[in-house]
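Participant: Here are the chains, one letter per residue:
2 protein chains.
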Amino acid sequence: MATPTKNILLDEQLCFALYTASKRFNHFYADALAPFKLTYPQYITLLALWENSPMTVRELGSHVNLDSGTLTPLLKRMQTQGWVERNRDENDERQVNISLSQKAIDAKLDIFAHVNSCMELLNMDAETYANTRDTVNFASDRIKNADPKKIDYTGTEL
Amino acid sequence: MATPTKNILLDEQLCFALYTASKRFNHFYADALAPFKLTYPQYITLLALWENSPMTVRELGSHVNLDSGTLTPLLKRMQTQGWVERNRDENDERQVNISLSQKAIDAKLDIFAHVNSCMELLNMDAETYANTRDTVNFASDRIKNADPKKIDYTGTEL
DNA sequence: GCCTAATTAATTGCGTACAATATACTAGAA
DNA sequence: TTCTAGTATATTGTACGCAATTAATTAGGC
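Residue numbers (the numbering used here), protein chains in the order written: chain A, 1209 to 1366; chain D, 1209 to 1366.
In case anyone wonders, no lab produced these hints; they're calculated from the structure.
Mixed in with the good hints, there may be bad ones.
[Stated by the list, open to error] Okay, derived cross-link-like pairs now, SDA-like style, lysine to any residue, Cα gap no bigger than 20 angstroms in a straight line:
hint	chain 1	residue 1	chain 2	residue 2
1	A	Lys1231	A	Pro1212
2	D	Lys1352	A	Lys1358
3	D	Lys1352	A	Ser1270
4	D	Lys1231	A	Lys1316
5	A	Lys1231	D	Ser1270
6	A	Lys1316	D	Glu1220
7	A	Lys1358	D	Ser1270
Please construct the entire structure, taking both the sequences and the accompanying hints into account.
Facilitator: Written out as structure tokens, the structure reads:
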């Protein structure tokens, strides 16, 4: 007798919970960042740069987990809007150094204050917030280290 | 004396944890679904249809949280690849009914079996998996109900 | 110095996401 | 019936996200 295949229900999937929550946060930040005309990926790019500027495109990408295919056009838009500057490295012309503009340096505290105000709407105490984040990061590590390419497909040909 | 603004560090943000985990799952499923030439959004569309077919575009969208701007082209690609059929409703021609193709009905158990095999790579027992999902969904509800448009920006003009 | 392998960004192509708009159709009021 | 408000999908425009490729530059071996 064949082993019955375990059913998969959409609303029970962790992937779908993460996918939905991530999109909702994207929408949340779209509204929260509207006064600054920033998108969510642009905001996390600024967060990374506020911690460490300048960085090469590669370094920046390793912090925000995005590659040059995403970052290059994103950074060009941010440059157009005056948030960052892009300069070829003088010593190694393969590299492009991304640095904060004065506007970005000046706006930091205003953005932090406004985002912090918006975050209070979540009604999550610091402990719940931290526990949730740690739980997500725990799962995230597991996902990162799993490689489905190792499992070869043995079912019917398409 | 002014209140000091609370600092915001990228790696401490729940939004970034969710954003990263969601992207990693997307990558995980890209590999897991490669034998079937399905993307992750296409897969959750199939999950919804396997539970209930046919559905109108609108009904489907309410299950997977996507609007027609995303679904219309996605469903056209899935139709081209033989996963779904699209038919105008005879009674109400505004609606388009999306139904599973025979190929999708036949492939269901093969896809479930392969995805389940891949999921074992996560090394998460059922309880941890369920707790993580519930924790994410709890936060997701909070994010959904928060509306940053209610907070007006009082900082410096841009 | 000269050739080759490695490194870094940029580009290309495809597939989402979603706001805003347009189009087609339906149903209800006058 | 005709006008109108509402509904359902499609289209348009902008911005990711990432695999794959290309182009430019650097560094290492000889």
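Participant: For every hint, state whether the structure bears it out.
Facilitator: Now the hints, each set against the structure:
1. Distance hint between A:Lys1231 and A:Pro1212 is unfulfilled; the C-alpha atoms sit about 34 angstroms from each other, more than 20 angstroms.
2. For the hint pairing D:Lys1352 with A:Lys1358, the CA-to-CA distance comes to about 37 angstroms; that exceeds 20 angstroms, so the pair is violated.
3. Pair hint D:Lys1352 plus A:Ser1270 does not hold up; C-alpha atoms about 29 angstroms apart against a cutoff of 20 angstroms.
4. Between D:Lys1231 and A:Lys1316 the CA atoms are separated by roughly 27 angstroms; this puts the pair beyond 20 angstroms, and the hint is violated.
5. Annotation: proposed proximity of A:Lys1231 to D:Ser1270 holds, straight-line Cα distance about 14 angstroms (limit 20 angstroms).
6. Note on A:Lys1316 and D:Glu1220: the hinted pairing holds, with a Cα-Cα distance of about 17 angstroms set against a maximum of 20 angstroms.
7. Note on A:Lys1358 and D:Ser1270: the hinted pairing is violated, with a Cα-Cα distance of about 34 angstroms set against a maximum of 20 angstroms.
In the structure shown, a violation is registered for the earlier hints numbered 1, 2, 3, 4 and 7, in ascending order.
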